[in-house]
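The whole structure should be built from the sequences, with the hints applied where relevant.
Taken in sequence, the protein lines are chains A and B.
Following my numbering, the numbering of the first sequence begins with 1 at its first residue and continues without gaps.
Following my numbering, the numbering of the second sequence begins with 367 at its first residue and continues without gaps.
Hints listed in this document are in silico derivations from the structure and should not be mistaken for laboratory results.
Derived lysine to any residue pairs resembling SDA-like cross-links, with alpha carbons at most 25 Å apart:
| # | chain 1 | residue 1 | chain 2 | residue 2 |
| --- | --- | --- | --- | --- |
| 1 | A | Lys-140 | B | Thr-723 |
| 2 | B | Lys-718 | A | Pro-280 |
| 3 | B | Lys-519 | A | Pro-205 |
| 4 | B | Lys-519 | A | Arg-59 |
| 5 | A | Lys-140 | B | Thr-706 |
| 6 | B | Lys-422 | B | Asp-485 |
| 7 | A | Lys-140 | B | Glu-709 |
| 8 | B | Lys-718 | A | Glu-318 |
| 9 | B | Lys-519 | A | Ser-55 |
| 10 | B | Lys-696 | A | Gly-146 |
| 11 | B | Lys-682 | B | Arg-487 |
| 12 | A | Lys-365 | A | Asp-325 |
| 13 | A | Lys-354 | A | Ser-167 |
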Amino acid sequence: MTTAPSIPTLPIIDSPIHPALTNVSLPSFVDEHELPSREGSRVIQFREALREAMSEEMRRDPRIFLMGEEVAQYNGAYKVSQGMLDEFGPQRIIDSPISENGFAGLGIGAAMYGLRPIIEFMSWSFSLVAADQILNNAPKMLYMSGGQWGCPIVFRGNNGAGGQLGSTHSWCVEALYSNVPGLKIAIPSCPYDAKGLLKTAIRDPDPVFFLESERMLGDKAHVPEEEYYIPFGRAALRREGSDCTIVSFGRPVNFCLEAAAELANEGISVDVLDMRTVRPLDSAAIVRSIQKTGRVVVVDQCWPFASVASEVITQVVEKCFDYLDHQPLRVNTDDVPTPYAKTLEQEYLPHKRKIIEAVRSAVGKA
Amino acid sequence: MPKKTAYQAKIEHIQILDEQGKLDAALNKGGLGDEDAVFLYEQMTVSRTYDEIAFKLQRSGRMGTYPQNKGQEAGPGGIGLAVLHRGKKDWLVPCYRENLALFLNGLPMEKILLHWMGDERGNQIPEGVHILPISIPIGTHPLHACGLAFAEKYRKTGRAAVTFFGDGATSEGDFHEACNFASAMKLPVVFFCQNNFWAISVPRAIQTGSETIAQKGLAYGMPCFQIDGNDIFASYKVGKDALELAVEESRPVFIEAITYRLGDHTTADDARRYRDSAELESWQKKDPLIRTRKYLESKKLWNDKKQADLEARAKKLTEEVVRKAEGIEKPGIDDIFDYTFAELNDELRTQKRTLRTASLAQHPEQERLSR
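Given below as structure tokens:
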């Protein structure tokens, strides 16, 4: 019988610019104290830190491209990619049709064949229409192919209440999406971490959801010019105290720090843990802190029901129940769609007053 | 003011080999030669035998579920051979009724059986074979074909991607986004729709108000063709031309192949409950195997002896494939955890070791404390 001609065995990636798919190029991570100093005089915006992370990685690796709505000609809806078209050209900084499911799926196909896409969602609220691609395809591809087809892709964009964007455009997706195995979720709270975490996300071999906040893009802080990589799954202790542990991630970390400063005036000192990534979650750091304080308040900008805060508290109960001197508390957004009116939106968020009240209650000074 | 025609188009239906096995030689110019027709006939027969044996495997409890390809061998066979002959190793991005296109382009035959037996190793594609794993969700994979075509264009390799889907998939948003992306970004993708008239129990008439599926490609600026999907000559010729067009002009091309699902949707389905037997019988007469054999016999390229010989060989080959698939050691328990991430995380590693509920397995200290 005639059979199909045999095909010579070639590596899956047989183009000169691409090493094999399995060539995972994770940077070697250093301990927190070995990272470059957080203090310094080079002050840039959060959005510039993101841009710097992408640009540095793109200069290093020709497989990386950035695709999304308005990322090229318009320099990004929020100017995160300003100037990148000029530097990298239209082959690598690519304006897409308004089609989130489309560019998410295209990115997945490109990632499966060894490119390293960065897919920008103007808002993570818009990722909901791409749910099948980002939740049902990207994080399962490796598993469903018995380890053969990886999907090294970064999805990034604005997450959470952006300042009067209304109910449909203010999604916090971390609660919904962190339920899914096979993906990683990074959520920086400051420009320094934005750069270090995004660089790690781009080098990571798994799909990474990178959650930014429109409200923080203009935040300014010192960001080192040198290259550095912040490992996933390692929380940062933003403030040290002994009476209560506050666990948070993303924008609300800043609310926690404001609350902590005010609580200090009342003689209440707190640990503020910035988780940096919710998947993986550095539960060991949370346990260590609670072993010291005996009390925990989780501050999370998602709705309370089945939120990341719920997960953190479950793990706390599982892992250090006997160290608790008070039931764990959480501060979420209110369990309602995001209000449109400015004053109502402000009140709806897990803001300073709510955090202070929760901590006072936890330490028995309510 | 006189009205002007802003846009006008027509869809041509291309049939080269009719139901009686009569060939239109003029239309077949530059198309499938007789030697390759014999080859494809043999391969279709192997695919049909494979299909029948897979169906029996499921019925006897040796396989989870299986979607029969029966009656739809010609479309994937024709364009699959065109891909093979082009020699560029264009990508094949399948759903689940394109077995022959995959076999022709280097997918080991036991892989498909392994997949349906519930072993993810069936989706491990050998190196150098440009085929994506079978996609079960309807219509999500044409976007991956766009991504592959984008990657190939990015790398300037001159490869195209061919993606297969059914008439039902053309109602999904992903399909339309894929068409739009491929068109807007000028990607070399061949969209190959196997219109078999039934999406499980949903008939073509309910699926869309369009007169043809092919015309859906027009809205996205694609050259569109409708072919007789039970005609290997049409599938080969149009497939070959579409691939050339896609690559040379860097643009997507749409092919609607009119065919019919002679079997059930899958082994979990019983089409007799919703399909008219007269309809089925009318399509059984258009079976691609019957007409191809008639043609080959008319050209004295085939006879009963060859047929008997082929059937025996096809059965033997398929049985060997089944033995191979069933002989592969069942997946180990580690496979539950491995491949969730490129590198196993601590929680999964612990659970893999202990196989206890995560709540206990992850927290040995807590377990000790609460004892």
